[in-house]
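Enquirer: Just need the whole structure built from these sequences, with the hints factored in.
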Amino acid sequence: MITSLVVTVIGPDRPGIVSLLSDRAKGFDANWAESRMASLAGQFAGMVHFQVPSAKADALAKALRELESHGLSIVIAASEAEPPAQKRRLVKLELVGQDRPGILRDISRALADRGVSIEELETEIGSGAWSGESLFKVRALLLVPAALPVDDLRKGLEALANELMVDLALGGEGGAE
Numbered sequence: 338m339i340t341s342l343v344v345t346v347i348g349p350d351r352p353g354i355v356s357l358l359s360d361r362a363k364g365f366d367a368n369w370a371e372s373r374m375a376s377l378a379g380q381f382a383g384m385v386h387f388q389v390p391s392a393k394a395d396a397l398a399k400a401l402r403e404l405e406s407h408g409l410s411i412v413i414a415a416s417e418a419e420p421p422a423q424k425r426r427l428v429k430l431e432l433v434g435q436d437r438p439g440i441l442r443d444i445s446r447a448l449a450d451r452g453v454s455i456e457e458l459e460t461e462i463g464s465g466a467w468s469g470e471s472l473f474k475v476r477a478l479l480l481v482p483a484a485l486p487v488d489d490l491r492k493g494l495e496a497l498a499n500e501l502m503v504d505l506a507l508g509g510e511g512g513a514e
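Numbering (our numbering), first residue to last: 338 to 514.
These aren't lab readings, by the way, just hints derived from the structure by calculation. Watch out, some of these pointers could steer you wrong.
Straight-line alpha carbon distances no greater than 25 Å define the calculated BS3-like cross-link-like pairs of lysine-lysine that follow [said to hold, decoys possible]:
1. LYS399 - LYS424
2. LYS363 - LYS429
3. LYS492 - LYS424
4. LYS393 - LYS424
5. LYS393 - LYS363
6. LYS474 - LYS429
Computed from a predicted structure; not experimentally measured.
Expert: Shown next, in the form of structure tokens:
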């Protein structure tokens, strides 16, 4: 039997953090299944999904928690089985607008109200090419319920985008299940 451990790691960014994680995983025959990592404001922030033999899952979790002595914060969530697949499709979302508080809150609320999950999310603040103003940029991969037509989602989000005065694009529909 295989156990999934989803590990969140945060700490001051420095060389070797990924190596620390992968060394621990190898010692317990764990497979590094997927990950997302970034350096944000001088901090390393990472999420790793390990697949480990169930008999070794607790020992791996303990070994990973010992990395807290290296100045890292570690949070671990374990599960024995994958969640049941729902009929959904992947849709890309891109948004750009003048930066101000509340944009992500309003967009994420509109998505949740429609039963849409955010599979991946990247945000950044950059400067406008000609104006030099601060622009808030969002790139997201959405899991849209099969029962929700993309055109209906687009219309609802475009109305909100007009209210927020941001440019929004949906596209790249995929066939996720």
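Enquirer: Each hint should be assessed against the structure and marked as holding or not.
Expert: Hint check results:
With a C-alpha separation of about 36 Å, the suggested pairing of LYS399 with LYS424 is violated against the 25 Å cut-off. For the hint pairing LYS363 with LYS429, the CA-to-CA distance comes to about 35 Å; that exceeds 25 Å, so the pair is violated. Under the criterion of a C-alpha separation no larger than 25 Å, the hint pairing LYS492 with LYS424 is consistent with the structure, at around 22 Å. For the suggested pair LYS393 and LYS424, the alpha carbons sit about 33 Å apart, so the restraint of at most 25 Å is broken.
Taken as a hint, the LYS393 and LYS363 pair is honoured in the structure, with Cα atoms around 11 Å apart against an allowance of 25 Å. Distance restraint check for LYS474 and LYS429: the Cα-Cα separation of roughly 13 Å lies within the 25 Å cut-off, and the hinted pair is therefore satisfied.
Consistency note: the structure conflicts with the earlier hints numbered 1, 2 and 4.
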